[in-house]
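These are the residues of each chain, in order.
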Amino acid sequence: MKTVICPECEAQITLEAGAEVGEIVVCPDCGVDLEVTALDPAAVQLAPMEQEDWGE
Amino acid sequence: MKTTVSIIGGSGYGGGEALRLLLGHPQVEVRQVTSRSHAGEYVYQVHPNLRKRTHLRFSDPSLLEPVDVLFLAQPHGQSQRSIEQYARLAPKIVDLAADFRLRDAALYETWYGEKHAAPQWLDRFVYGLPELHRAEIAAASYVSGVGCNATAANLALLPLVRAGLIDRDAPVIIEVKVGSSESGAEGNAGSHHAERANVIRTFSAFGHRHTAEVIQEMGVTNVSLTMTAVDLVRGVLATAHALVKPGVANKDLWKAYRAAANENPFIRIVKEQRGIYRVPEPKIVAGSNYADIGFELDESAGHVVSMCAIDNLMKGAAGSAVQCMNLMMGWDETLGLEFSGLHPI
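Residue numbers (my numbering), protein chains in the order written: chain F, 1 to 56; chain R, 1001 to 1345.
Treat the hints as calculated values from the structure; they're not laboratory data.
All residues carry an ideal CB built from backbone N, CA and C; glycine is no exception.
Careful: at least some of the hints might be erroneous.
[Said to hold, decoys possible] List of simulated lysine-lysine pairs, BS3-like, C-alpha gap at most 30 Å:
1) F/2 - R/1271
2) R/1092 - R/1052
3) R/1283 - R/1251
4) R/1092 - R/1115
5) F/2 - R/1255
6) R/1283 - R/1255
7) R/1283 - R/1052
8) R/1255 - R/1245
9) R/1251 - F/2
[To be verified] Examples of chain R residues toward chain F, derived with CB under 8 Å:
10) 1250
11) 1251
12) 1254
13) 1255
14) 1258
15) 1271
16) 1272
17) 1273
18) 1274
19) 1278
[As the list claims (entries may be wrong)] Taking beta-carbon pairs under 10 Å as the criterion, some of the chain F residues facing chain R (in silico):
20) 6
21) 7
22) 9
23) 10
24) 11
25) 26
26) 27
27) 29
28) 30
29) 32
30) 33
31) 49
32) 54
33) 55
Isolated chain F, as found in the complex (with noise of 0.2 Å):
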């Protein structure tokens, strides 16, 4: 089991088996988009999300 730190919110999240360099995960917690940029030890970073108008 791979586990990385958001850089966001600093929870801590599980890779699942499998998981690539270059997939996207989303933080459970904060719900932050995260790209895998490594696996060997893992690591993520935050990936652009797409701005939205919401709420109004």
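Start from chain F and add chain R according to the hints.
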């Protein structure tokens, strides 16, 4: 054998909500529900959602019998005048009214404009918000109610205060939007449907009585609650503005909010990046005992906005009262409070 409970003042909205919860509670048996004005009527004639749930009739308060736990749901000012009598009827009391929320008789007089009728009882009660006083409530015989607006404000501030993230000497401004059931089952000219429907009415810019509970429980003195009536029946949304200490970042807030959610079964963080419900909204918690909290931080200005949505009759009144009873009896604090709310609503 079930624990016996009775409700004094069961015809109001808070008492009715407590009755709804207690009728569904697996460990208790409701013995009596009192109401002077409705004595002899079936309780479902006043609380129509309870039809076919019970055949209880409202009792005259003079006919109250001893029970294990007594819930007081009378208008403010009455329980402090009868507390000696009630204490002879039950070893454990949960009072939903404001009579025993404040520990300091002088603070009570400042905010309620009169001397307390039973000041010697103030320190025998524990403030009834489990998220703040879980261990004390578990050991208590007497627990107070909570102000609905104060509860939304206190839970919005709780993660920030517990983690020491805000400057408690700087102004804390809390805008509170409230539904109409807060004003109780007795009508007035302002609650007449033609006048109350569709309002966004700031009815109390400063000086709302629930401010005293925020001062007492959060230790903030420079605090204002501004109350705005909105077109809801149930629900409170508190939006608190405060200044964080230098260097506090988003990650610190996440850690603090996550701790609050982990320690408390009814606190949930709502801070989503996608979808429709990204921030706490009262309608999602209607009928449930949840308090949904969320935040946004302007790191450059050090300005944090913290939000809390609750159902005023549940987490802000009867739900917290039943949660307190669970703790006082040594039961799982979520017992009888598992309802998740409705969606869509």
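Now for the hints, and whether the structure bears them out:
At roughly 25 Å between alpha-carbon atoms, residue 2 of chain F and residue 1271 of chain R fall within 30 Å of each other, so this suggested pair holds. For the proposed pair residue 1092 of chain R and residue 1052 of chain R, the alpha carbon gap of about 29 Å is at most 30 Å, so the pair holds. Between residue 1283 of chain R and residue 1251 of chain R the CA atoms are separated by roughly 28 Å; this keeps the pair inside 30 Å, and the hint holds. Taking the CA atoms of residue 1092 of chain R and residue 1115 of chain R, the gap is about 25 Å. The hint holds against a cut of 30 Å.
Between residue 2 of chain F and residue 1255 of chain R the alpha-carbon distance is near 22 Å, which keeps this suggested pair within the 30 Å criterion. For the proposed pair residue 1283 of chain R and residue 1255 of chain R, the alpha carbon gap of about 27 Å is at most 30 Å, so the pair holds. Distance restraint check for residue 1283 of chain R and residue 1052 of chain R: the Cα-Cα separation of roughly 26 Å lies within the 30 Å cut-off, and the hinted pair is therefore satisfied. Distance hint between residue 1255 of chain R and residue 1245 of chain R is fulfilled; the C-alpha atoms sit about 15 Å from each other, no more than 30 Å.
For the given pair, residue 1251 of chain R sits about 22 Å from residue 2 of chain F by alpha-carbon distance, which is consistent with the 30 Å threshold. This hint holds: residue 1250 of chain R has a C-beta 7 Å from the nearest C-beta of chain F, less than the 8 Å allowed. Because the closest C-beta pair between residue 1251 of chain R and chain F is about 5 Å apart, less than 8 Å, the hint holds. Interface hint at residue 1254 of chain R: satisfied, since its Cβ lies 4 Å from the closest Cβ of chain F, which is below the 8 Å cut-off.
Hint status for residue 1255 of chain R: holds, given a least beta-carbon distance of 6 Å to chain F, under 8 Å. Using the Cβ-Cβ criterion of 8 Å, the hint placing residue 1258 of chain R at the interface with chain F is satisfied: the shortest such distance is roughly 7 Å. Restraint check, residue 1271 of chain R versus chain F: the minimum CB separation of about 6 Å is within 8 Å; hint holds. Hint on residue 1272 of chain R holds. Least Cβ distance to chain F is approximately 5 Å, under the 8 Å limit.
Here the hint on residue 1273 of chain R is kept, as its CB sits about 4 Å from the closest CB of chain F, short of 8 Å. Hint status for residue 1274 of chain R: holds, given a least beta-carbon distance of 6 Å to chain F, under 8 Å. With its C-beta approaching chain F no nearer than about 7 Å, residue 1278 of chain R sits inside the 8 Å limit, and its interface hint holds. Interface hint at residue 6 of chain F: satisfied, since its Cβ lies 9 Å from the closest Cβ of chain R, which is below the 10 Å cut-off.
The interface hint given for residue 7 of chain F is met, as the beta carbon of that residue sits about 9 Å from the closest beta carbon of chain R, less than 10 Å. Interface hint at residue 9 of chain F: satisfied, since its Cβ lies 4 Å from the closest Cβ of chain R, which is below the 10 Å cut-off. The beta carbon of residue 10 of chain F is positioned within 10 Å of a beta carbon in chain R (closest approach about 5 Å), and the interface hint is therefore held. Given hint, residue 11 of chain F at the interface with chain R, holds; its Cβ is 7 Å from that chain's nearest Cβ, closer than 10 Å.
At about 8 Å, the closest approach between the beta carbon of residue 26 of chain F and any beta carbon in chain R falls short of 10 Å, and the interface hint on this residue holds. The interface hint given for residue 27 of chain F holds, since its Cβ lies 9 Å from the closest Cβ of chain R, which is under the 10 Å cut-off. Using the Cβ-Cβ criterion of 10 Å, the hint placing residue 29 of chain F at the interface with chain R is satisfied: the shortest such distance is roughly 7 Å. Using the Cβ-Cβ criterion of 10 Å, the hint placing residue 30 of chain F at the interface with chain R is satisfied: the shortest such distance is roughly 6 Å.
With a cut of 10 Å, the hint placing residue 32 of chain F at the interface with chain R holds, because the nearest CB-to-CB distance is about 6 Å. Checking residue 33 of chain F against chain R: minimum C-beta separation of about 8 Å stays under 10 Å; hint holds. For residue 49 of chain F, the shortest C-beta to C-beta distance to chain R is roughly 6 Å, which falls under 10 Å, so the interface hint holds. Contact between residue 54 of chain F and chain R, as hinted, is supported at the beta carbon level, the nearest pair being about 7 Å apart and thus within 10 Å.
A hinted interface residue such as residue 55 of chain F counts as satisfied when its beta carbon comes closer than 10 Å to some beta carbon of chain R; here the least separation is about 7 Å, so the hint holds.
Checked against the numbered hints given earlier, this structure breaks none of them.
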